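Kindly produce the complete structure, drawing on both the sequences and the hints.
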Amino acid sequence: MSNDIQQRVVKAIAEVLERKEDEIRLDASLRDDLDFDSLKQMTLFILLEDEFQRTMPPEDLTGLVTVNDIIDFITGKLQEPAQT
Amino acid sequence: MKRRVVITGAGAVSTIGTGVDEFWRNCLEAKSAVAPIPENWDHYAALHSRIWSPLPVIDPDYLGVARTERLQLDPGSVNAIGAAREALAGAGFALVPDANNSRVFTLTGADATRIGVYLGTGIGGAYSFLHNHAHHLYQRARATLKGYAETRASAPDREMLDGVVALMAHGPRYHPFVVSMLMPNSSSAVVAIKFSITGPNTTYCVACASGTVAVGNAYRAVRDGCVDVAVSGGCEYLNDEHGHIFRGFDVAGTLIRDCADPQAANRPFDQKHSGFLFSQGGAAVLILEELEHAQRRGATIMAELIGYAETFDAHSMMSLAPGGAQIERMLRAALADAGVGVHEVDYINAHGTGTRNNDEAETEIIDRVFGKSVRVNSTKSLLGHTIGASGAFEILVTALSLRDQTTHICKNLDAPLRDLNFVRAVEPLDLRVGLSQSFAFGGHNAAVVLRRFH
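So the protein sequences, as listed, match chains A and B.
Every position in the first sequence, counted from 1, becomes a number in my numbering once 582 is added.
Every position in the second sequence, counted from 1, becomes a number in my numbering once 571 is added.
Keep in mind the hints are simulated off the structure, nothing from the lab.
Remember, predicted model here, so these are calculated numbers, not experimental data.
A portion of the hints provided could be inaccurate.
[To be verified] With beta-carbon atoms standing in for the labels, derived distance ranges:
id : chain 1 : residue 1 : chain 2 : residue 2 : range
1  : A       : D619      : B       : A683      : 21 to 29 Å
2  : A       : L643      : B       : E721      : 23 to 31 Å
3  : B       : D630      : A       : L621      : 22 to 30 Å
4  : A       : R601      : B       : D829      : 36 to 44 Å
5  : B       : R723      : A       : Q635      : 26 to 34 Å
6  : A       : L621      : B       : R723      : 39 to 47 Å
7  : B       : A986      : A       : Q635      : 40 to 48 Å
8  : B       : A683      : A       : D604      : 32 to 40 Å
9  : A       : S611      : B       : T677      : 44 to 52 Å
10 : B       : E610      : A       : S611      : 30 to 38 Å
11 : A       : S611      : B       : C797      : 32 to 40 Å
12 : A       : S620      : B       : G680      : 47 to 55 Å
13 : A       : R607      : B       : A724      : 31 to 39 Å
[Stated by the list, open to error] Pulled a few chain B residues facing chain A out of the computed Cβ check, cut under 10 Å:
id : residue
14 : A637
15 : T639
16 : Q643
17 : N671
18 : N672
19 : P743
20 : R744
21 : Y745
22 : H746
23 : P747
24 : F748
25 : V750
26 : N772
Just so it is clear, CB atoms sit at the ideal spot from N, CA and C, and this is done for glycine as well.
What follows is the structure, given as structure tokens:
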């Protein structure tokens, strides 16, 4: 896992929540610890698509519970070829 | 007794400048932004008009919109927020970040329940609709074709299929917030959310008269005591990746046909006019305020709104009714509402599109109602046609002209269709009363009357 990806994911989460980056723990649950509802979750993935320039269809996102899950998911996404 | 209504703030996002100061300076210098249409639009249709007026890249600091907001809004709504932000700040309202959400502001100096938002747009979030529609139509078909082209097609077929795949361009996602992006009322809604304004909130969707109808109804709301402050104006974003919106106006024969000299092609009221200059859009916002409310705050007053009227032709969806009886009735009603006679009007900011249908009818009506001495110009001779934002830009120009006692020229006017007092030079004038009028597809007519404020 790259520190750069981790940093950018945490920054995006902080942007959505209007919180400081150091308040976002990597093992935090989006829903239970960070109070993400479905609208905030959609906003986060729009932001991550913009940040990493990869498409993230909603069906690929089920099962992502923690911040670490998202970082792993993005790491995998970035290993796929970019769509043209 | 009618309450008096004044303009205390303004904001502008336009093809010739961001912010009212730059916009107005460039108006007086007769600047325009005219460029060839995007090359890829020609891949989809044979387009007759070849030019448009594109927006510049807007400074994100001016707009004051965070990435999380921008990615969930139609560009037209983003521009409306920027213009509203400038207008509210210019009116002297302090914009205080909310304690729990720094992207949202509260206003000091006014009761938020006594502020209304009245914005006009002709096509709402058409960009967002078309952008997502392309994804909906093409994404699966394009992927299938692309896969076939890459794995199974012969070389000649591959070349042909690659061309088809390229035509099926679409954005990266079907946006989960597409409904709230495309609905026309999103512009007035997002402005009120951004600035925590909880009074009446209405979007007027009246084609080319949208901005005028919005400001006119905001004027009535302040005058009649429904609200003390109104955020009013118009916004429009006339762009899409495939040239679809441009084609709609082009195929109707409304856009400039003679594009041989692009910088001189946009010529409202000139004998060589050949249609209107399609603009990418923009936003103009005016803060209307009850006079005593404005004076108590120590606000700077730009001009006073004194009258408004609207009528409907009930004739044709696409052309003005011959004779202009309903336009004349609208003008006389607006002047009666303002309490001024026709000869007291010093300046008319005309609808002035550059189409044969408009220019011939409008010059005849101005001549008949006001005579030859009233000064006339067309802000569309500078901006092109911003459809739902146009009326708001033109009321803004009328207010600035009354404030500064001068106005911009009617650009590219060499041989006028009719002998009227068109503005040919920027010079000191004695302007007491001004009128801004708009006519719209469908048959809507509207005019706002303004007075210099002492």
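Against the structure, the hints:
no.: 1; hint: D619(A) x A683(B): 21 to 29 Å; in the structure: holds, 26 Å
no.: 2; hint: L643(A) x E721(B): 23 to 31 Å; in the structure: holds, 28 Å
no.: 3; hint: D630(B) x L621(A): 22 to 30 Å; in the structure: holds, 29 Å
no.: 4; hint: R601(A) x D829(B): 36 to 44 Å; in the structure: violated, 57 Å
no.: 5; hint: R723(B) x Q635(A): 26 to 34 Å; in the structure: holds, 29 Å
no.: 6; hint: L621(A) x R723(B): 39 to 47 Å; in the structure: holds, 43 Å
no.: 7; hint: A986(B) x Q635(A): 40 to 48 Å; in the structure: violated, 53 Å
no.: 8; hint: A683(B) x D604(A): 32 to 40 Å; in the structure: holds, 34 Å
no.: 9; hint: S611(A) x T677(B): 44 to 52 Å; in the structure: violated, 32 Å
no.: 10; hint: E610(B) x S611(A): 30 to 38 Å; in the structure: violated, 49 Å
no.: 11; hint: S611(A) x C797(B): 32 to 40 Å; in the structure: violated, 47 Å
no.: 12; hint: S620(A) x G680(B): 47 to 55 Å; in the structure: violated, 37 Å
no.: 13; hint: R607(A) x A724(B): 31 to 39 Å; in the structure: violated, 51 Å
no.: 14; hint: A637; in the structure: holds, 7 Å
no.: 15; hint: T639; in the structure: holds, 6 Å
no.: 16; hint: Q643; in the structure: holds, 7 Å
no.: 17; hint: N671; in the structure: holds, 8 Å
no.: 18; hint: N672; in the structure: holds, 6 Å
no.: 19; hint: P743; in the structure: holds, 5 Å
no.: 20; hint: R744; in the structure: holds, 6 Å
no.: 21; hint: Y745; in the structure: holds, 9 Å
no.: 22; hint: H746; in the structure: holds, 7 Å
no.: 23; hint: P747; in the structure: holds, 5 Å
no.: 24; hint: F748; in the structure: holds, 7 Å
no.: 25; hint: V750; in the structure: violated, 12 Å
no.: 26; hint: N772; in the structure: violated, 21 Å
Violated hints, listed in ascending order, are 4, 7, 9, 10, 11, 12, 13, 25 and 26; each of the other numbered hints is respected by the structure.
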